[in-house]
Amino acid sequence: MLFKSLKRFLLVGCALLMLFSCKKRKEGWPIDALIPMIDSQLDLKNIFEDDLVQVRENDLLHLVYENEILDLKLADDFTIPDTTISQVNEGPSFNLAWDKANPLISDTNESKFNITNANLTYALIKSGKIKFKVTSTISEPTIITYNMSSAEKEGKILLVSRNMPAGSPGNPVEIIDEIDLSGFLLNLKGKNLNDYNTIFYYFTVTFANQVSPSNLYNYTNADVVTIENSFVGINPEMVKGVFNTTTEKPDESSSEFDAFKQIRSGSFDVQKAKFSFEFENRIGVDLQGSVNKLTAINSKSKKSVDLKGDFIFQSLNLARAKEDYSLYQVPIIPSNSSYELSEENSNITDFIGILPNEVQFDMDFTINPLGNISGGNDFLFSDYGIKAKLNMSIPLNVRANDLELIDTVDFNLGDPDEGSELIEGGFVRVHAYNHYPFRAEIQIYTLNKDNVIIDSLMEVGSEISAGIPINKKVLEAKYSVLSAPVNVNKINLLYQAERAIVKLKFNTDGTEYNDLYASYNTKIKVVGDFKYRLIIK
Amino acid sequence: MRRFIILIFIFSAGLTKGQTDFSISQLAISDSSKAKLGLWVEQSFNSNVINNTVVFSLARKSGPTYQSMQNMRSRVQSTNRGGYNGYERIYYSQKLKSKIDSVNATGFLNVFTHRQLSTVFGEDPLRLIAFGNKDFAGKNANLDKLDLTLLQYTTIQFGYTVEKNGYTLGLAPGLVIGNKYGSIKSNGGYLYTSSIGDSLYTEVSGQWSQSDTSSKLIYDPNGIGASIDFFFSMPFDLFKKNENIGNITFEVNDLGFIVWNKNTLTYDIEGEYGWGGFKAPSLFDLNDSLIDLQRPNDVQESLLNFTNVGTKNTFMPMRISVRYQEQLSEKVLLIATLQHRFMSQTLPFLGLNQEIRMNDMSKKTGLNLRFYESFGGYNYLGLGSGISVAHPKFDVIAGTRNLVGLFNPEYFSGINVHVGFQWKFY
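Residue numbers (the numbering used here), protein chains in the order written: chain L, 199 to 735; chain Y, 14 to 439.
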């Protein structure tokens, strides 16, 4: 025992050399230690997402948010429906000695797809297939051939041949097969290139052996060849033609607006705000849009504000997109249109002042409102349609009213033997140097595994003091110190905690709006002011 | 001469701070016995600042309370000392035949283990270690006065003494087995704590040595050495002049060296380290991976400049002493010892011992009360008491030199327990 005591004494001096190294033993002695814990900042990036805050002219901060509220694709309106075409080729009503050098059947088939909203001249197929079934009673082996010259892929037309064994009227032979149409460009102009929505192909039946057992075949009315063609699951990547004048209304009518998602309650008043309603048209048609209603919703506070102004019910003409196959990947030059909203032509500051988390809208679009003025060059790529964005730019000249920021973080103090068990009491001091002209009340709640709050860490009323503007700008950070008491009971509760809720409540003193500058920050230095059991390694 | 010795005692009492020790002059046989076999065990701790409660708590592994540590505050000085000494000793003395009747010769075998932990702290290092860095917020804690040594060795000693007409000369060479060694010396440095405690910065310089760290048992041999003890004693009466009932002994102990084995570690400490907490661009970015990345695991690398493994030679903590003993009356014996032990971070020590016989002188067995007063060593003042029994066939002695620290351990220092027993053979 005494020798162990000696050993401890021997190592006393290491404290000077090893600072706060500690060994997991229950001896040592309590000291008053100041331990640097965290050197960090608390700033607007904690309220808004990093990329939402941008520096603009005069070092002023702007809250910039781009929110896509609509992505309308019209491909479903121009799909090619599943279509089945059957054709029966019967032999002559009297017997013929058929020269086998000639095709037994050679026929052209032309079919029209039932497409209601457009007269299509071309379709580039993303996926889909032709399923065919051929039944034959011809008593000699034959070769059947599909020739779809209106379908082309990589410079080659669609040409398919299959061998068909000999059949008989009592025992017809049957071939079932399918052809993948992916990547084929279908010309839908028909055989004479003056039609639309029309596909055509050639079908021939020739003898496999034209000289054996004879060069003649006894062709009778018992020789029947039946062809059944089905176009299944044709899903175009691109269609082209003339799109009829129709009105489209988006299925969705609301969009998440997450610029303020970390703010749980309270509000901040802004003096100015600029919104732009941007449309991007990637369809080769003229569009006429109309925003009939735009409502900001804060589902937590149950508040809503309808946007008012000239913009509502105004006819918005969106020019057609253009094709340019010199472009990489997607040969579309979109057409963009923008409509500006400000506090001068709308109630946009009220609209944003409720800190919406959702935007509801009612809008529609009319395709080719003036009819066919493109000469059949309307086009649509299935993955691209009309996008509507609600872009926000708010100069941060604000006033905070009990503005609450709440964030939940996973909390893991580690094992009790990692050093913190040596803290016997004291305080965690938060030293804050704040430039922002609003004060911030801080509280941290710890939660157990059942998400039940088990403790609050900061002393009640802990508040970071507001920076004091001189000529509307805070030049010197305001210092304040906040304390969180630490004792054995609190430490035990900390070990039970699995999550923590950090709650910040911002308030502006007075009624003035305050500009926020990029140079502003709140430096936070967290220091342990502990009664700490020092154990020397 | 008498005035000179009195002056020395007075002067030493003003300076010194400590404890007493065993003397090999006691191994000489001066009575009619032919041999004696003895045991001696003594454990001591003393300090001018570390109170007994703190020592007891550390020894019990329960840890001292915050208040116990704070009780030391008023005792902190510019130089602070603490030391532990422990002895276990067994010896055998045999009277030897002499060609000259008037000469008494004694041979003896003396085997003992001495373990010592001694330290001296400047004010800042002590305040920093004992009370923490909060006292130093906004300033430097200077680390330039810190010296700490742990030493344990076992000595096997063969000795010889001769006595004629009250003059005694003794010599005892010994084989020394080094058991444990450790040393920390600071050459300077400081720890800066910022005013709010948000940053620490230290620069240190020094050495740290440690004997074979793989050795676990306390008596493991980790070094070898040699030593010699010698003394000279002569009649001297301070109070009853020329009655030849007193003597004075000049003694040197542990004059020697130890060579610690090739597994001895020596660290050269030279470096700097700063710590300002875990840094994160935002308070909410402080996550586990960022903390793991910045965890200060490199403190040791930053401060240890050089590590050497190999033999190391050290001198032993030599002790010199002057011991005066005189029978002041039939029942009162006065012993005064002035001693100093080098390389022990101690100051000279003056120990006074009065032995008062409690029973009648006609009794064969003497029962004695012993009173101790000490000045210096590792502390200022020690008061103690004990008993001794002197029988023709054996002697027993037990006591403590520090009673004050036992009765008020929160505010005073000093622990001493000693027990001795010896058989006499005729």
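Incorrect hints may have been included.
Calculated pairs, DSSO-like style, for lysine-lysine (alpha carbon to alpha carbon, straight line, at most 27 angstroms) [claimed, not checked]:
| no. | chain 1 | residue 1 | chain 2 | residue 2 |
| --- | --- | --- | --- | --- |
| 1 | Y | Lys47 | Y | Lys74 |
| 2 | L | Lys701 | L | Lys688 |
| 3 | Y | Lys377 | L | Lys729 |
| 4 | L | Lys676 | Y | Lys147 |
| 5 | L | Lys729 | Y | Lys74 |
| 6 | L | Lys688 | Y | Lys47 |
| 7 | L | Lys688 | Y | Lys74 |
| 8 | L | Lys721 | Y | Lys147 |
| 9 | Y | Lys406 | L | Lys701 |
| 10 | L | Lys729 | Y | Lys110 |
| 11 | Y | Lys292 | L | Lys721 |
| 12 | L | Lys520 | L | Lys500 |
| 13 | Y | Lys406 | L | Lys729 |
| 14 | L | Lys729 | L | Lys670 |
| 15 | L | Lys506 | L | Lys447 |
| 16 | Y | Lys47 | Y | Lys152 |
| 17 | L | Lys688 | Y | Lys147 |
| 18 | Y | Lys47 | Y | Lys254 |
| 19 | Y | Lys158 | L | Lys729 |
| 20 | L | Lys721 | Y | Lys152 |
| 21 | Y | Lys74 | L | Lys676 |
| 22 | L | Lys587 | L | Lys472 |
| 23 | Y | Lys437 | Y | Lys110 |
| 24 | L | Lys676 | Y | Lys152 |
With beta-carbon atoms standing in for the labels, derived distance ranges [as the list claims (entries may be wrong)]:
| no. | chain 1 | residue 1 | chain 2 | residue 2 | range |
| --- | --- | --- | --- | --- | --- |
| 25 | Y | Ser91 | L | Asn705 | 27 to 35 angstroms |
| 26 | Y | Glu423 | L | Pro667 | 52 to 60 angstroms |
| 27 | Y | Gly151 | L | Pro667 | 25 to 33 angstroms |
| 28 | Y | Gly201 | L | Pro667 | 29 to 37 angstroms |
| 29 | Y | Glu283 | L | Asp608 | 49 to 57 angstroms |
| 30 | L | Asp249 | Y | Gln307 | 41 to 49 angstroms |
For the record, the hints were derived by calculation from the structure and aren't laboratory data.
We put the beta carbon where it would ideally sit given N, CA and C, even for glycine.
Outcome of the hint check:
no., hint, in the structure
1, Lys47/Y x Lys74/Y, "violated (47 angstroms)"
2, Lys701/L x Lys688/L, "holds (19 angstroms)"
3, Lys377/Y x Lys729/L, "violated (61 angstroms)"
4, Lys676/L x Lys147/Y, "holds (24 angstroms)"
5, Lys729/L x Lys74/Y, "holds (18 angstroms)"
6, Lys688/L x Lys47/Y, "violated (72 angstroms)"
7, Lys688/L x Lys74/Y, "holds (25 angstroms)"
8, Lys721/L x Lys147/Y, "holds (22 angstroms)"
9, Lys406/Y x Lys701/L, "violated (84 angstroms)"
10, Lys729/L x Lys110/Y, "violated (68 angstroms)"
11, Lys292/Y x Lys721/L, "holds (11 angstroms)"
12, Lys520/L x Lys500/L, "violated (44 angstroms)"
13, Lys406/Y x Lys729/L, "violated (58 angstroms)"
14, Lys729/L x Lys670/L, "violated (43 angstroms)"
15, Lys506/L x Lys447/L, "holds (21 angstroms)"
16, Lys47/Y x Lys152/Y, "violated (67 angstroms)"
17, Lys688/L x Lys147/Y, "holds (22 angstroms)"
18, Lys47/Y x Lys254/Y, "violated (31 angstroms)"
19, Lys158/Y x Lys729/L, "holds (25 angstroms)"
20, Lys721/L x Lys152/Y, "holds (23 angstroms)"
21, Lys74/Y x Lys676/L, "violated (46 angstroms)"
22, Lys587/L x Lys472/L, "holds (13 angstroms)"
23, Lys437/Y x Lys110/Y, "holds (17 angstroms)"
24, Lys676/L x Lys152/Y, "holds (24 angstroms)"
25, Ser91/Y x Asn705/L: 27 to 35 angstroms, "violated (53 angstroms)"
26, Glu423/Y x Pro667/L: 52 to 60 angstroms, "holds (56 angstroms)"
27, Gly151/Y x Pro667/L: 25 to 33 angstroms, "holds (30 angstroms)"
28, Gly201/Y x Pro667/L: 29 to 37 angstroms, "violated (49 angstroms)"
29, Glu283/Y x Asp608/L: 49 to 57 angstroms, "violated (41 angstroms)"
30, Asp249/L x Gln307/Y: 41 to 49 angstroms, "violated (26 angstroms)"
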